[in-house]
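Please arrange chains B and C on chain A, whose structure you already have, making use of the hints.
Sequence lines, in order, name chains A, B and C.
Just add 13 to the spot in the first sequence (first one is 1) and you have the working numbering.
Just add 22 to the spot in the second sequence (first one is 1) and you have the working numbering.
Just add 569 to the spot in the third sequence (first one is 1) and you have the working numbering.
Check before you lean on any hint, since a few could be wrong.
The following label-pair restraints were derived from C-beta to C-beta distances [stated by the list, open to error]:
hint, chain 1, residue 1, chain 2, residue 2, range
1, A, Ser330, B, Gly635, 57 to 67 Å
2, B, Ser524, C, Phe610, 48 to 58 Å
3, C, Ala714, A, Val200, 46 to 56 Å
4, A, Gly57, B, Asp572, 29 to 39 Å
To be clear, the hints were calculated from the coordinates, so they are not data collected in a lab.
Only a predicted model underlies this, so the values are computations on that prediction, with no experimental measurement involved.
For every residue, glycine included, the Cβ atom is placed at its ideal position computed from N, Cα and C.
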Amino acid sequence: MRRLLALFGLCLLPGGCARAPLSYLDATSPIGGAIASLGWGLTGISVGVCIIVGLLLVVAIVRRRAAADTAIGPVNDRLALRWIGAGVGVSTVVLLGAAIWTLVTVHSIGEPPRNAPLTIDVVGQEWWWSVKYRAADPAREFETADQLVIPVNVPVKIELTSRDVIHSFWVPKLGGKMDMIPSRTNVTWLEADKIGDYRGQCSEFCGLQHANMAFNVRVLSQADFDVWWTRQLQPAAGSPDTDAGLNTFMVRCAACHTIRGTPAGGILGPDLSHFGSRESIAADLMPNTPENLANWIDNTQTIKPGVKMPELHMLASEVSDVTSYLENLK
Amino acid sequence: MTVSQADATVSPEGRKLLGIWETAPGIFGWLATVDHKTIGIRYLCTAFFFLIVGGLEALVMRVQLAQPELKLLSPDAYNQLFSMHGTTMMFLYALPMLSGFSNYLWPLMLGSRDMAFPRLNALSYWTFLAAGIFLYVSFPIGQAPNGGWFAYVPNTSLQYDPGINMDVFALGLVFLGISTVVGSANFIVTLLRCRAPGMSVNRLPIIVWGTFTASCANLLAVPAVSLACAMLWLDRRFGTHFFDVAGGGQPLLWQHLFWIFGHPWVYALVLPAMGIVSDALPVFCRRPLVGYTLVAISTVATMILGFGVWVHHMFATGLPVMSLSFFSAASFVIAIPSAVGVFCWIATIWTGKPQFTTPFLFFAGFVMLFVIGGVSGFMTASVALDWQLTDSYFVVAHLHYVLLGINVFPVVGGIHFWFPKMTGRMMDERLGRWTFWTMFIGFNAAFFPMHVTGLMGMPRRVYTYPAEMGVGGLNLLSTIGAFVFALGVLLFLLNIGRSLRSGPPAGDNPWDAPALEWSTSSPPPVYNFATIPQVASRHPLWEERLGETDRRSILGDRASTGMVLDRGKETIGVTPLDAEPNVVLKMPGDSLLPFLLAAGMTVLFFGLLARSGWAIGAGGLAEIVILFLWLTPRQFAESEEVALHE
Amino acid sequence: MSELGDGEVLPVGGTGPVSTAWWGMICVIATEGVLFVYLIFSYAYLGSQQPGPWPPSGPPSLKLALTNTAILIASSVLLAWGLRKFRRQRDRRQLAFALAGTIVLGAVFVTIQGFEWADKPFVFSTNAYSSAFFLLTGVHMAHVAVGLLMLLALLVWTLLGRFDRGHHEHLSLGALYWHFVDVVWLVVFTTAYLVPQFK
Numbered sequence: 014m015r016r017l018l019a020l021f022g023l024c025l026l027p028g029g030c031a032r033a034p035l036s037y038l039d040a041t042s043p044i045g046g047a048i049a050s051l052g053w054g055l056t057g058i059s060v061g062v063c064i065i066v067g068l069l070l071v072v073a074i075v076r077r078r079a080a081a082d083t084a085i086g087p088v089n090d091r092l093a094l095r096w097i098g099a100g101v102g103v104s105t106v107v108l109l110g111a112a113i114w115t116l117v118t119v120h121s122i123g124e125p126p127r128n129a130p131l132t133i134d135v136v137g138q139e140w141w142w143s144v145k146y147r148a149a150d151p152a153r154e155f156e157t158a159d160q161l162v163i164p165v166n167v168p169v170k171i172e173l174t175s176r177d178v179i180h181s182f183w184v185p186k187l188g189g190k191m192d193m194i195p196s197r198t199n200v201t202w203l204e205a206d207k208i209g210d211y212r213g214q215c216s217e218f219c220g221l222q223h224a225n226m227a228f229n230v231r232v233l234s235q236a237d238f239d240v241w242w243t244r245q246l247q248p249a250a251g252s253p254d255t256d257a258g259l260n261t262f263m264v265r266c267a268a269c270h271t272i273r274g275t276p277a278g279g280i281l282g283p284d285l286s287h288f289g290s291r292e293s294i295a296a297d298l299m300p301n302t303p304e305n306l307a308n309w310i311d312n313t314q315t316i317k318p319g320v321k322m323p324e325l326h327m328l329a330s331e332v333s334d335v336t337s338y339l340e341n342l343k
Numbered sequence: 023m024t025v026s027q028a029d030a031t032v033s034p035e036g037r038k039l040l041g042i043w044e045t046a047p048g049i050f051g052w053l054a055t056v057d058h059k060t061i062g063i064r065y066l067c068t069a070f071f072f073l074i075v076g077g078l079e080a081l082v083m084r085v086q087l088a089q090p091e092l093k094l095l096s097p098d099a100y101n102q103l104f105s106m107h108g109t110t111m112m113f114l115y116a117l118p119m120l121s122g123f124s125n126y127l128w129p130l131m132l133g134s135r136d137m138a139f140p141r142l143n144a145l146s147y148w149t150f151l152a153a154g155i156f157l158y159v160s161f162p163i164g165q166a167p168n169g170g171w172f173a174y175v176p177n178t179s180l181q182y183d184p185g186i187n188m189d190v191f192a193l194g195l196v197f198l199g200i201s202t203v204v205g206s207a208n209f210i211v212t213l214l215r216c217r218a219p220g221m222s223v224n225r226l227p228i229i230v231w232g233t234f235t236a237s238c239a240n241l242l243a244v245p246a247v248s249l250a251c252a253m254l255w256l257d258r259r260f261g262t263h264f265f266d267v268a269g270g271g272q273p274l275l276w277q278h279l280f281w282i283f284g285h286p287w288v289y290a291l292v293l294p295a296m297g298i299v300s301d302a303l304p305v306f307c308r309r310p311l312v313g314y315t316l317v318a319i320s321t322v323a324t325m326i327l328g329f330g331v332w333v334h335h336m337f338a339t340g341l342p343v344m345s346l347s348f349f350s351a352a353s354f355v356i357a358i359p360s361a362v363g364v365f366c367w368i369a370t371i372w373t374g375k376p377q378f379t380t381p382f383l384f385f386a387g388f389v390m391l392f393v394i395g396g397v398s399g400f401m402t403a404s405v406a407l408d409w410q411l412t413d414s415y416f417v418v419a420h421l422h423y424v425l426l427g428i429n430v431f432p433v434v435g436g437i438h439f440w441f442p443k444m445t446g447r448m449m450d451e452r453l454g455r456w457t458f459w460t461m462f463i464g465f466n467a468a469f470f471p472m473h474v475t476g477l478m479g480m481p482r483r484v485y486t487y488p489a490e491m492g493v494g495g496l497n498l499l500s501t502i503g504a505f506v507f508a509l510g511v512l513l514f515l516l517n518i519g520r521s522l523r524s525g526p527p528a529g530d531n532p533w534d535a536p537a538l539e540w541s542t543s544s545p546p547p548v549y550n551f552a553t554i555p556q557v558a559s560r561h562p563l564w565e566e567r568l569g570e571t572d573r574r575s576i577l578g579d580r581a582s583t584g585m586v587l588d589r590g591k592e593t594i595g596v597t598p599l600d601a602e603p604n605v606v607l608k609m610p611g612d613s614l615l616p617f618l619l620a621a622g623m624t625v626l627f628f629g630l631l632a633r634s635g636w637a638i639g640a641g642g643l644a645e646i647v648i649l650f651l652w653l654t655p656r657q658f659a660e661s662e663e664v665a666l667h668e
Numbered sequence: 570m571s572e573l574g575d576g577e578v579l580p581v582g583g584t585g586p587v588s589t590a591w592w593g594m595i596c597v598i599a600t601e602g603v604l605f606v607y608l609i610f611s612y613a614y615l616g617s618q619q620p621g622p623w624p625p626s627g628p629p630s631l632k633l634a635l636t637n638t639a640i641l642i643a644s645s646v647l648l649a650w651g652l653r654k655f656r657r658q659r660d661r662r663q664l665a666f667a668l669a670g671t672i673v674l675g676a677v678f679v680t681i682q683g684f685e686w687a688d689k690p691f692v693f694s695t696n697a698y699s700s701a702f703f704l705l706t707g708v709h710m711a712h713v714a715v716g717l718l719m720l721l722a723l724l725v726w727t728l729l730g731r732f733d734r735g736h737h738e739h740l741s742l743g744a745l746y747w748h749f750v751d752v753v754w755l756v757v758f759t760t761a762y763l764v765p766q767f768k
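Next up, chain A with everything else stripped away, as it sits in the complex:
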């Protein structure tokens, strides 16, 4: 038991955070932090209750060690009932306190503190995330996939839905979960207080690859974020006639994938614009490196069995051309 508590504590030390990217009792963001306080409080109460009741149980058992006297005799329970009443009374007060603390927390995190200047639509589908950045000027809107990039200290409104089954959007260090239900739009919000990378995870069983439906939230300074946005709007350079990689892409990949600035406009799979600047592949399954990308293109069903992207059985040269093309889309 003690070893478990130590392990538990270890995971929550700053160094431990890196080893537990989805843990949330160490969250400091506005929503995550509010829930974490409540979480620590209720955990403390729970542990306290277990210790108190455990002690009562042990003392009750031990105080008359295996009584040799087994006789049945008359009983008077007035005192015992008074203690039970006291115990129930204390429990009720604690429960009431916890309920009030809960409702206060809900009220404080329900709505963004001020008008969220940024809205992002996220659409879940088996087993990736389609992400659309909204803007007042439609010409500044764009799509990406499997990642969110947001500025630090800015509340961001997220509108959620699903294209197929129920998924759930969850970035533990930044906030609680919200389900993505087809034909409904659910609204949640995030705000990060530190620059860095935060992992997100689908948290509603959605079929074969629910386990591998994750995403990354990258938090940048406002300046870096603006630069990133502008970059995302730039169309890809090159044409199929001059670029072998793009040419192969058009033939083999464009049926399902889009790259802004090219004729590729497929919508069945993730938008791959500026793919080279992304952190990971296949819904945060592996880091975005040329080897991993080539491996992915060649072995989708082995790496992520059941994924909708078929094994394409491309030639090695085709794979290498497409890989270098995609990695150059910064």
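The following block gives chains B and C in isolation, referenced to the frame of chain A:
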């Protein structure tokens, strides 16, 4: 001091009753018996078999999860395993096991000769068995249900789950629901009418309160899941749009209906088991339960409140915050009656003289596990915190602490307690202690770490997890713990096997317990009581020593001038609250109709699965004919003179 | 032989709440009744989540449904009359007539509803409303069908003289079930036919 019905088979009354009540021999008797004790033992054995099957499914899953990114199981195989594990445990083990206890014990505890509807009792067992087989024939063909035991749409709609997996699930649950509802009705009517004179409601064992409450709840809750499953099957196979968004259907309708059933259901799975502890723990504390009335009321209160918290399974679905807050508050309130129970059990130990027998160990262990499961539930009741906890391994920890802690541990303790009554032999105490500690340590090693992995963000229902998540070590510990727990179950089975063959003889009342079942022989005669007892207090066999009342219950030999009721298969019916005798009830004898009705239902349900008109027609027609035969009015006298005690 | 010390004469089997079968029928009614509560909840929930009108094709016509309501009420009245007469006069023929009449009225109800269903501008699989409507009225129809089978069995047993010498608990319970089906129809009718008229 024990009162026995020794040599009942020698007395003339006993011989005559034996002739009237005995089951016919051979295959016919095996299929046609309506004896509640036989049916009870069948329920216990079949449910325990499903526990082992569900446990093996879990062990395979735990091997896959022992380390990150293992590839022993494909995601499809894993999904079938975890779905069948949940379905098996929640439907084919937990309630039937408790039904087995209640079926065996109730008439003995209540002072009656059988349940109110003996043929219906047989039917509820055969239907349970048939539904279990129906669900499992899908496994060998790789088409087992794969959408989780909760089967959320649209993931389980035809579009995303082709194949017959979820048809088996939907139809199988409707099939099983028939067994549950029929059994519940039987318990309710038995409690209200089939008791010994004097067994008023304030003298009932708490397991009777627990099962009665659960049965009332099941009667009202099961139709919700049956309806949801019917709608799922219709959406899948007949193109309806209850849940299908393309036609205006609502995925959340499934969740509402499922959890309106599901939450009361989980209380039905634990309240009777809490009753086992409330009745048996005091025996090993050598005193009555502290706060009987409080415990009885808290049982009923928990069940009623249990109908008002279902949305706490849906906290992340985006429902209006106002309604979520109400359900969160209700989920906190429901902890209060549970606290009452815990304090009463501890008070019973504190003010009693604890005897460290195997059953006592299981019941004391239960109290601790109840509290741990209860506080993790308290944490998930908080809607804001639940937005992090839900769908993570924290909930997996919570549900296993409450289900194993509050159902399995009392069940195993209860088997140790009542095994002598059922078989006439004692179980081995030393092996029992080994069993307890192995199970207790294994269980905590397996499931406590899941609180931590859940707080570290490990989602549930995943066939693997990346190494970077940092939960590999704790998962390995869980896997090892699971195997240790399984070893404990094996020890338990060894004890049962050995004791059945060569356990020392038990006698009528080896534990010197107070309740009516201990006034019969071990095992009891098929007719339970040669003369119906007259009950004067809550603890008939402890009356003189407790000194609470001058009245004495009339049992056993002293009842030989009382109600023998041997003009055929008879027992006494009483008024619901005060148990005044007011009717002689004629009980049916052996009958093949329950078995045949269940067989006809099996044909009907396979017909629905295959969408075969012939099978549906044949099954339906058979049911109609069999029911006509079953319900045919019998002729008997209008009234009868019955001897009463003073 | 049972000893006759201080004895009391008790009924065997009993009627009404003294019997156990009556309580069994109450359990049946409770569980089937709550099924209709869940059906109506589903119907109402689906309606509450639709952006457009509910029913989408406009309120259903009352003509046949009102007729059917009258027929079902009449059948319950006829059945109750027949039972009361039988309890007083033990005339097998009057009871058989009442039972047969109830069965005929029930069959007419089923037939008329069949025509009403066929006349709808939608089928089971058209949309959420049609699915909910047909399931709600269809499950009720199934209960009517079961009730008709029950009445048929009662008729057969009546003609065979099984109820001549007392022990007509089956009749009371069968009638209780039929009245339950009738009351459920009133609720279903109100929900699916009357309420939409006022939207």
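For a quick check of understanding: which of the numbered hints are violated here, in increasing order? When the structure is compared with the hints, only number 4 turns out to be violated.
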